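Taking the hints as your guide, dock the two standalone chains into a single complex.
Protein sequences, first through last, are from chains A and B.
Letter 364 of the first sequence, counting from 1, is numbered 363 in numbering that gives the first Met the number 0, and no numbers are missing.
Letter 24 of the second sequence, counting from 1, is numbered 23 in numbering that gives the first Met the number 0, and no numbers are missing.
Incorrect hints may have been included.
To be verified - Sample of chain A residues at the chain B side, in silico, Cβ under 10 Å: (1) A40; (2) D52; (3) F114; (4) T121; (5) L122; (6) F126; (7) G129; (8) Q132; (9) L134; (10) A247; (11) L359; (12) G389; (13) Q392; (14) P417.
To be verified - To spell it out: a stretch of chain B is covered by chain A in this simulated footprint if at least three of its residues, at any positions, have a beta carbon under 8 Å from a beta carbon of chain A; those stretches are: (15) 42 to 50; (16) 61 to 68.
Claimed, not checked - Partial list, computed: chain A residues near chain B (C-beta under 7 Å): (17) Q46; (18) N124; (19) G138; (20) S140; (21) D365.
Calculated directly from the structure, the hints in this document are not laboratory data.
Because the structure is a prediction, the values reported are computed rather than measured.
Just so it is clear, CB atoms sit at the ideal spot from N, CA and C, and this is done for glycine as well.
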Amino acid sequence: MTDGIRVLAADLAVVGAGPAGLAAACRAAEAGRRVVVLDEAPHLGGQIWRHRDRAALPAVARAWLDRFGRSGALALPGTSVIDAGAGWVSGVRRDELVRVEARRLLIATGARELFLPFPGWTLPNVFGVGGAQALLKSGLSVAGKRVVVAGAGPLVLPVAASLARAGAHLVLVADRTPASRVARFAAGLAGRPRDLWQGLSYRAAFAGVPYRWGTRVVRAAGEGRVAEVTLASRGRTWTESVDILATAAGLVPNTELAQLLGCDVRGGGGGGGGGGGGGAVAVDGTQRTSRDEVWCAGEPAGVGGVELARIEGVIAGLDAAGRPVPPALSRARAAGRRHARRLEEAFRVDDPDVPPADTLVCRCEDVPAGALRPEWSFRQAKLYTRVGMGACQGRVCGAALRALYGWTPDSVRPPLVPASVAALASTLESSDATA
Amino acid sequence: MTRTVSLLVDGRLLDVPEGVTVAAALLGAGEDAFRDSVAGSPRGPLCGMGICFECRVTIDGAPGRRACLEPVADGMRVTTRD
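Chain B with its partners taken away, still in its complex shape (with noise of 0.2 Å):
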């Protein structure tokens, strides 16, 4: 059995399995649009290995976090369209 991890996904929280990457977490609980572009579209993660920047989240309250390239963490707030 999969140990899961506790997110606060804009203000939801979200259980999922130890060890995935925020950026898997968020598409497997249908949130797909991480951020907004500068024009306003919903943008999410294309390349899944931290080149296009498409997935960028704030973390912890850090901003322009890669989901692709951070592992979930027990307890760990993440905010998308920021």
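Next up, chain A with everything else stripped away, as it sits in the complex (with noise of 0.2 Å):
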């Protein structure tokens, strides 16, 4: 049997404590709502402002946590999301569900990443680039690794620059992006010199370590774990001996919670590149999606950063609470999605290599890219294949096919993550309860 049941009343549940979680809590707090924010990682903060010790944050993110433990709001941390609908949202930390009773309710699950198969991505010791950032965070020690970054986007510097700071040995530093649509994203920073001065400063700690552009992994090989990494440049290729590789090919929205509720994605969830904004939740100028009582903010609503995630927080927690959005802040909102347009465009994945037949495609399933036909739909190759139908429920692969062929997501179903038979059969009770 579960631990129990605990039933928490809220006037909005917030799934996600990252940066758009944390504002919009503070602020729908502040107004005097009674807030709940679910997060599963053990710590407040999200992917950006993970940290074991709150004195190596950035002050941005010291002041929030800070701000958030003032505010009234209550936080728990380590709780999985596993099920809601119209006024509830149910969740299991260890073997004991959570229930929280909220009118109103706030995405703000942030995004992963995209990863790309390619013969070898299944070793030990193969991270995703925020994969990489995340276990350094969260305690690994990369002191005298040799380490092979190569990603796409944003994401790529600061990574490289922890990793390089942590004493790790960068071999070498690639984003699959072509320096043409490089230069062009560059020369329309002019107008936002902060981001320069900082993509500086991130390039000076790995100063001497080659960067390249339009670079590609082929493969990774090695016996029980990655020890090389063979990569591919203008029709060159060479091969990099390697204790890590992080590498992924950029962010996708989180949007299974929103798919779940029936919100309105546009060109389906599951994110995936392709470009043209698929995959992200549609919302409107104060981050109401298209359900009632539902709101949006940060990456899920289309990746766009940490200080979009951050204002669309304020937004939607000043919405939800009924209190007016400052024109300033809806003007600091469009200029932060045209930036993020402008992100999407230049480090879009449009040509994704299709792997060899034999390179895994489905990782739970260990499904084959040769078992799949590019003419089928995701719902048909899970039926044929189980590709998509393993523990992670599709989040990596379907991503992935999306991009390789366009597939969208199958529609989403509870338990969002996997639950003990436990913790669902106390589900079924409790929804019994309340029918």
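In structure tokens:
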């Protein structure tokens, strides 16, 4: 049996304790609303403000975490949301079921990385780019380790800088984006001197390490763990020996909760490149989704980075608390969205390499690329091959298959993450109780 | 000086800094195969943030815990490749 069911009443339930969720929770709680924030991680702050030692965080992050602590909002870290409906959201913390009954809900579930399969990508010590950053922030020691970072987009620089500062031996930093596209994007950064300055300071942390544009991972190899990576750039391929390969092709919004609630998602859920803004939750000027009483802020409404997430969180929090949104905030949001569109255009993944037939696409069910036919739909592929039916529920392969074959993910059903039978049983009991 | 906690990983005693995740602790001890896939290949953390489920281990008898989401605790028992 479960340890029990904890039922909480609130005016606003916030799913996700990153910058958007925390900003929204602060504003709504400061306006007198009862706010409960659920997050899967053991600490507040999301990925960008993930920390073990608060002193190591940037001042802005410390300020928001302190403000949240004073706001009166209740935090439930370590809680995985498994289901939600109109006026409620439920989650599990270990085997305890938590049910928050709140008329209003904010989805602030952040983004995940897009992983494009290549031979050897399932080897231990092949991490995401953000994945390497997350592991580093949670205590991974990289001192003296040979590391190749091969990503796409704005995450590459700060992650390479953190790895270098932590003592890693950076062998190469690469971005799959063609140099010509980056040059066009960089020319538009003249109006954002702070971004330029920050970029330069990151680069200074690994000065002397080559930084190559238009460079992709061809394959990784090793006995039991990654030992070497082969890269390709402008027709040339070469191999580097590594202890860690940090690689991904960018970020995709986490839209599963929004899909479960029936919110409109532009271009279907699951993200996965292809440009055009597909895979983000549709919101209006105050972050309201197509569903009554459901707001969405930050990356799930379109990947835009920490500053935009914070602005959207403040807007959502104010609006969900029935407070007016200052016009200056709306203007900042519009400017942030324009910048996000330029980023998306510059670092889009428009020509992914279809992996060789024996390369696994679905890591949960070990489904190789050769088992899939591009003319299928995702649903057909699931039925025929079990692709996307494992523990991650297609969160990894779904985005890849969208980028590779244009497949849009299947509908989303509860539980959103695998939960114990005991916890699920108590979900049913609590549903019966409120039916 | 960081305080340490003691874990029992596959029967081996491991002293790790307080506050790290189980994933970071295992990787730091050179334990990079957390589980075996359905076809038997070794897997370790990929996403580091609870998405990919590749870092699943058994913690204090409970299977399927994501090591990247679990902070270490003194006396914790971790079983890999279960």
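Hints versus structure:
Here the hint on A/A40 is kept, as its CB sits about 6 Å from the closest CB of chain B, short of 10 Å. Interface hint at A/D52: satisfied, since its Cβ lies 8 Å from the closest Cβ of chain B, which is below the 10 Å cut-off. The interface hint given for A/F114 holds, since its Cβ lies 7 Å from the closest Cβ of chain B, which is under the 10 Å cut-off. At about 6 Å, the closest approach between the beta carbon of A/T121 and any beta carbon in chain B falls short of 10 Å, and the interface hint on this residue holds.
With 10 Å as the threshold, the beta carbon of A/L122 comes within range of chain B, its nearest partner Cβ sitting at about 8 Å, so the hint holds. Annotation: A/F126 was flagged as interfacial toward chain B, and the flag holds, the nearest CB pair being 6 Å apart, inside 10 Å. Taken as an interface hint, A/G129 checks out: its beta carbon lies about 7 Å from the nearest beta carbon of chain B, inside 10 Å. Restraint check, A/Q132 versus chain B: the minimum CB separation of about 7 Å is within 10 Å; hint holds.
Checking A/L134 against chain B: minimum C-beta separation of about 4 Å stays under 10 Å; hint holds. A distance limit of 10 Å between C-beta atoms decides the matter here; for A/A247 the minimum to chain B is near 9 Å, and the interface restraint holds. Because the smallest distance between the Cβ of A/L359 and any Cβ of chain B comes to about 8 Å, under 10 Å, the interface hint for this residue holds. At about 7 Å, the closest approach between the beta carbon of A/G389 and any beta carbon in chain B falls short of 10 Å, and the interface hint on this residue holds.
For A/Q392, the interface hint holds, since its Cβ comes within 10 Å of a Cβ in chain B; the closest pair sits about 9 Å apart. With a cut of 10 Å, the hint placing A/P417 at the interface with chain B holds, because the nearest CB-to-CB distance is about 7 Å. Counting residues of the segment 42 to 50 of chain B whose CB falls under 8 Å from any CB of chain A gives 9; the rule of at least 3 is met. Using a Cβ-Cβ cut-off of 8 Å, 4 residues of the segment 61 to 68 of chain B lie near chain A, which meets the minimum of three, so the contact claim holds.
Hint status for A/Q46: holds, given a least beta-carbon distance of 6 Å to chain B, under 7 Å. Hint on A/N124 holds. Least Cβ distance to chain B is approximately 5 Å, under the 7 Å limit. At its closest, the beta carbon of A/G138 sits 3 Å from a beta carbon of chain B; the interface hint therefore holds under the 7 Å criterion. Taking 7 Å as the C-beta contact cut-off toward chain B, the hint placing A/S140 at the interface holds, the least distance being around 5 Å.
A cut of 7 Å between beta carbons decides the hint on A/D365: the least distance to chain B is about 4 Å, and the hint holds.
Going through the hint list in order, the structure satisfies each hint without exception.
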